[in-house]
Amino acid sequence: MKQAKFAESIGISRPALSAIETGVTKPSFPILYVIEAKYGYRHEWILTGDGEWYVNPLSASIRESQAPYKTSDKVLNFWIDRLIRILEEGDEKKIEAIKAAIRALDPGNKKDDLSKNDYYDNKDKDT
Numbered sequence: 001m002k003q004a005k006f007a008e009s010i011g012i013s014r015p016a017l018s019a020i021e022t023g024v025t026k027p028s029f030p031i032l033y034v035i036e037a038k039y040g041y042r043h044e045w046i047l048t049g050d051g052e053w054y055v056n057p058l059s060a061s062i063r064e065s066q067a068p069y070k071t072s073d074k075v076l077n078f079w080i081d082r083l084i085r086i087l088e089e090g091d092e093k094k095i096e097a098i099k100a101a102i103r104a105l106d107p108g109n110k111k112d113d114l115s116k117n118d119y120y121d122n123k124d125k126d127t
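In UniProt numbering, the protein residues as written are 1 to 127.
Hints listed in this document are in silico derivations from the structure and should not be mistaken for laboratory results. There may be inaccurate statements among the hints.
Simulated pairs of lysine to aspartate or glutamate, DMTMM-like, Cα-Cα distance not exceeding 25 angstroms [unchecked claim]:
1) K99 x E21
2) K94 x D81
3) K93 x D81
4) K2 x D91
5) K93 x E52
6) K99 x E88
7) K26 x D50
8) K26 x E36
9) K26 x E44
10) K38 x D106
11) K5 x E89
12) K26 x E52
13) K38 x D50
14) K26 x E8
15) K38 x E96
16) K38 x E52
17) K26 x E96
18) K5 x E44
19) K94 x D106
20) K2 x E21
21) K26 x D91
22) K94 x E36
23) K94 x E21
24) K26 x E92
25) K2 x E92
26) K2 x E36
27) K93 x E8
28) K5 x E96
29) K38 x E89
30) K26 x E89
31) K93 x D106
32) K93 x E21
33) K99 x E44
34) K99 x D81
35) K94 x E52
36) K26 x D106
37) K2 x E96
38) K93 x E36
39) K2 x E44
40) K5 x E21
No experiment lies behind these values; they were computed from the predicted model shown.
Hey, can you work out the whole structure from these sequences and the hints?
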């Protein structure tokens, strides 16, 4: 697979992938998880080289098939709260990492991106 196609498949630019490959930057956790989900390379192995490099397809398949039954409202609320907090902090790098991960996991919805102003409610609109 060519570098540009791989970069697009994980939701980052080719120069960003090049910077990761050459050690200029480290991949963000959202990008690592996308690589793990799409290609089966464990994020721990990518970062440290320790352990098995691959995700066991059987255990991944079992986890995936049981996921809807194991995820509680408490877990979902925990992650939703973290996402909201990151968006409210306004750290552009973190927001871009989240967007990249979502785009990579759901590539069919590229046209559904929001503008920067759409991330926050404009409280003056209602008053």
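Taking each numbered hint in turn, which are not upheld by the structure, reported in ascending numerical order?
-> 4, 5, 11, 25, 29 and 35
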